[in-house]
Amino acid sequence: MESKRQDERFIIPIGPQHPALKEPAHFRITVDGEIITNAVVRLGYAHRGIEKATESRNWVQNIYLVERICGICSHIHATAYCLGVERLAGVEVPPRAQTLRVLVAELERIHSHLLWLGVAAHEAGFDTLFMYSWRDRETVMDLLENVSGNRVNYSVNLLGGVKIDIDNQISDTIREGLAFLEERTLHYLDVVSNDMAFLQRTRGIGVLTRSQADVLGCVGPVARASNVPRDVRVEAPYGAYQQYPVNIVLVEKGDLEARFIVRLKELLESYRIIREILDTLPPGELTTRMPRRIKEGETISRVEAPRGELFYFIKSNGTDTPERVKVRTPTICNMLSVLKLAVGHQLADLPMILAGIDPCFSCNDRVAIIDHRRKSPEIWTWQDLRQYGIEYYNGHSR
Amino acid sequence: MESSITMDILDKIFTLLIFPGGLFLLILGLAYEWVDRKLLAQLQNRIGPRWFQPLADVIKLLAKEEVIPEGVNPWLFIGLPIIALAGSLTAALYTPLVGLPPSHSFPGDLIVTVYLLSLLTLCMGLAGSNTLDRFSLMGATRTLTQLFSYEAPFMLSLLGPAIVVGSWRIADITSYTENHWLLLSQPIGFLVALIGLIGKLEMPPLDAPEAETEIVAGAMTEYSGRGYALFRLAKGAELVVGLTLVASFYMGGMANPLLFLLKTLLLLLVMVGLQTLITRLRIDQTVGLWWRYGTLLVLVQWLGMIIWKGVAS
Chain C
1 MESKRQDERF IIPIGPQHPA LKEPAHFRIT VDGEIITNAV VRLGYAHRGI EKATESRNWV
61 QNIYLVERIC GICSHIHATA YCLGVERLAG VEVPPRAQTL RVLVAELERI HSHLLWLGVA
121 AHEAGFDTLF MYSWRDRETV MDLLENVSGN RVNYSVNLLG GVKIDIDNQI SDTIREGLAF
181 LEERTLHYLD VVSNDMAFLQ RTRGIGVLTR SQADVLGCVG PVARASNVPR DVRVEAPYGA
241 YQQYPVNIVL VEKGDLEARF IVRLKELLES YRIIREILDT LPPGELTTRM PRRIKEGETI
301 SRVEAPRGEL FYFIKSNGTD TPERVKVRTP TICNMLSVLK LAVGHQLADL PMILAGIDPC
361 FSCNDRVAII DHRRKSPEIW TWQDLRQYGI EYYNGHSR
Chain A
1 MESSITMDIL DKIFTLLIFP GGLFLLILGL AYEWVDRKLL AQLQNRIGPR WFQPLADVIK
61 LLAKEEVIPE GVNPWLFIGL PIIALAGSLT AALYTPLVGL PPSHSFPGDL IVTVYLLSLL
121 TLCMGLAGSN TLDRFSLMGA TRTLTQLFSY EAPFMLSLLG PAIVVGSWRI ADITSYTENH
181 WLLLSQPIGF LVALIGLIGK LEMPPLDAPE AETEIVAGAM TEYSGRGYAL FRLAKGAELV
241 VGLTLVASFY MGGMANPLLF LLKTLLLLLV MVGLQTLITR LRIDQTVGLW WRYGTLLVLV
301 QWLGMIIWKG VAS
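Chains C and A, in that order, give the protein sequences. With the numbering used here as the guide, the letters of the first sequence map in order to residues 1 to 398. With the numbering used here as the guide, the letters of the second sequence map in order to residues 1 to 313.
The set of hints was computed from the structure by calculation and includes no laboratory data. In this text the structure is predicted, and so the values were computed from the model without any measurement. A virtual CB, placed ideally from N, CA and C, is assigned to each residue, including glycine. A portion of the hints provided could be inaccurate.
As the list claims (entries may be wrong) - Pulled from the structure, derived: some chain A residues nowhere near chain C, Cβ distances all over 12 angstroms:
#1 S3
#2 I5
#3 F19
#4 K38
#5 V112
#6 L184
#7 E214
#8 L265
#9 L269
#10 V270
#11 Q301
To be verified - Covered stretches of chain C, as calculated for chain A (at least 3 residues, CB under 8 angstroms):
#12 141 to 153
#13 196 to 205
#14 346 to 359
With the sequences and hints as input, model every part of the structure.
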């Protein structure tokens, strides 16, 4: 082990394996004492070649593949994909199916935000809040299991509809769960905005101004905590969000406290939407017929994932497999803000700032490898990519 | 004649190795660690470890291979945990464990005890600085920074009772406090001593030196097997000794063992409460807490005591 000083700089490696990171990513943090002077990120440890893999599977199989891009926001990936493919095929999804998609999406948002609350509290060293919020998250996990049969990959979407339906009994269970969660959320809102010890770690830390958030292209709750009105559900309502409009939650301050408050208030907004949906769920069919081959063409599909705007580009060449699926997840948009904000803060604040954007590296790491030594990488098949991976790791294991 | 010398030596060995030093203290330390972990878990809505878990942890660690990383001084790497444990165990000889009179005593033993208690932190700081690991170095810096911030107020808060009694001898102080609950007349000193103990043992919320989400395990990152086990045992012993000191100085001195244990457990309960309720402080906030509030408040109390003593005499 050579000396760790390079050019008189002291670099702390956070990752790829580190207790603060639940997924692999590598941050090189240059510190001067406790103060961070530079931050560099290296992503790609969880690259799985999913975009390439979609090209060798048919349209239906791909729903299950894109659902596995992210373990936390699986439903929203499938929704974005289905909305895009349905637009390409020119198919209109029945209103009941659209509403049920929104219902599950909002339940998923609740589960994701509660999970984030716990993780962020843990990064700050406030394990009590971590344990309590994860206990309460079990309620919404149970609701999701009740609705879809699964806790994680709900597999609710079909091309042209949904495969689940809810009856009065399930909607009563959901209402009960929401009543409990609403009470807890109000309590957590009180904690994060009034607990003095916790505020010492969040108030005024990692302030992202409105212009910075605009320039860095932040999305989702991070942008909304800096008073940037950016929410796809409001700007370009998709699916049933036209019938169930969302009130955008904005906070001005842009610090970590604001990010806590935005996410918790969004929970309350989600409860309201779900209750409204349960009260006025339109009757009707759950699915409609989809063609096996999708017409030639290309489209984009934007949805609001719990972490921000999720973007899909889908291109069809008229066969039963897509020619190209490109995914851009919110984490990659927000990652720059972490590097920007970390500089000048203390090392102790870094885990909080990083957690503040709710990073999801598995979502992130799908950028295709372009190897200049090989010819025409565009025509790689799934087998080629797999073989490349095997060779790569054999070459590096020595 | 011969046999009385043998008895004397046997008695000394018993005192050092079995009771109240050595084995008894280690077991009590593990028991307190379990109470701490279990209560913390219960307050956090978890189940918590079984009663033998701390012992099982130590046995497992002792059985593990100890990896001595490259670039360290192996003698220091192996020696520091032993010195740390020895320091905590020696400190116990001068304290009224479980409410019994201390087995050794001389005028001025309070100062020696307080310094022996600091040995653990010092050893951890040195152990961290001994390695090339960046997390360890960072942790060592924080450990020593924290040492410099709580040590003065902690010492001042233990000297408060000494001033009232007019003796630096622990036995004298405890025999005075038997009839005087100093908790009532010196509440600030009591609080500072208790929070100082949390800082000493690097328990949450003053666990910035080993904040796992930033620097993995701080100074302890490179320790895996026996060394880590010894450091943990030393911490357990120090927890018992520290609680004993605070309870005997501020909460009615020596008492019958059962009552005394109850008092220390009550103190532990207060510490667990603080651990549950408060977010981890950054190292600069820790230093600020001690020098802006802790030290000043204790000094103000000192001043009040000295003036009061002057007026009374």
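These are the hints, each one checked on the structure:
In this structure S3/A is separated from chain C by more than 12 angstroms, as the shortest Cβ-Cβ distance comes to about 57 angstroms. I5/A, annotated as away from the interface, keeps every beta carbon of chain C farther than 12 angstroms; the closest lies near 54 angstroms. For F19/A, the non-interface assignment is confirmed: its Cβ lies about 36 angstroms from the closest Cβ of chain C, beyond the 12 angstroms cut-off. At roughly 14 angstroms, the least C-beta separation between K38/A and chain C is larger than 12 angstroms, which holds for a residue marked as non-interface.
The claim that V112/A is not at the interface with chain C holds, since no C-beta of that chain comes within 12 angstroms of its own (minimum 34 angstroms). With a cut of 12 angstroms on Cβ distances, L184/A stays outside the contact zone with chain C, its closest approach being about 27 angstroms. Not every C-beta of chain C lies more than 12 angstroms from that of E214/A, the closest at about 6 angstroms, which undercuts listing it as non-interface. Non-interface call for L265/A relative to chain C: holds, since the shortest CB-CB distance, roughly 21 angstroms, exceeds 12 angstroms.
Residue-level check passed: L269/A sits 16 angstroms from the nearest beta carbon of chain C, beyond 12 angstroms. Chain C leaves V270/A outside its interface by the beta-carbon criterion, the shortest separation being 16 angstroms against a cut-off of 12 angstroms. Non-interface call for Q301/A relative to chain C: holds, since the shortest CB-CB distance, roughly 24 angstroms, exceeds 12 angstroms. Coverage of a stretch by a chain is defined here by at least three residues with a beta carbon nearer than 8 angstroms to that chain's beta carbons; for the segment 141 to 153 of chain C and chain A the count is 0, and the condition is violated.
With 4 residues having a Cβ less than 8 angstroms from any Cβ of chain A, the segment 196 to 205 of chain C passes the three-residue criterion, so the hint holds. Counting residues of the segment 346 to 359 of chain C whose beta-carbon sits less than 8 angstroms from any beta-carbon of chain A gives 6, enough to reach three: the coverage restraint holds.
Figure legend: structure checked against the earlier numbered hints; hints not met, in rising order: 7 and 12.
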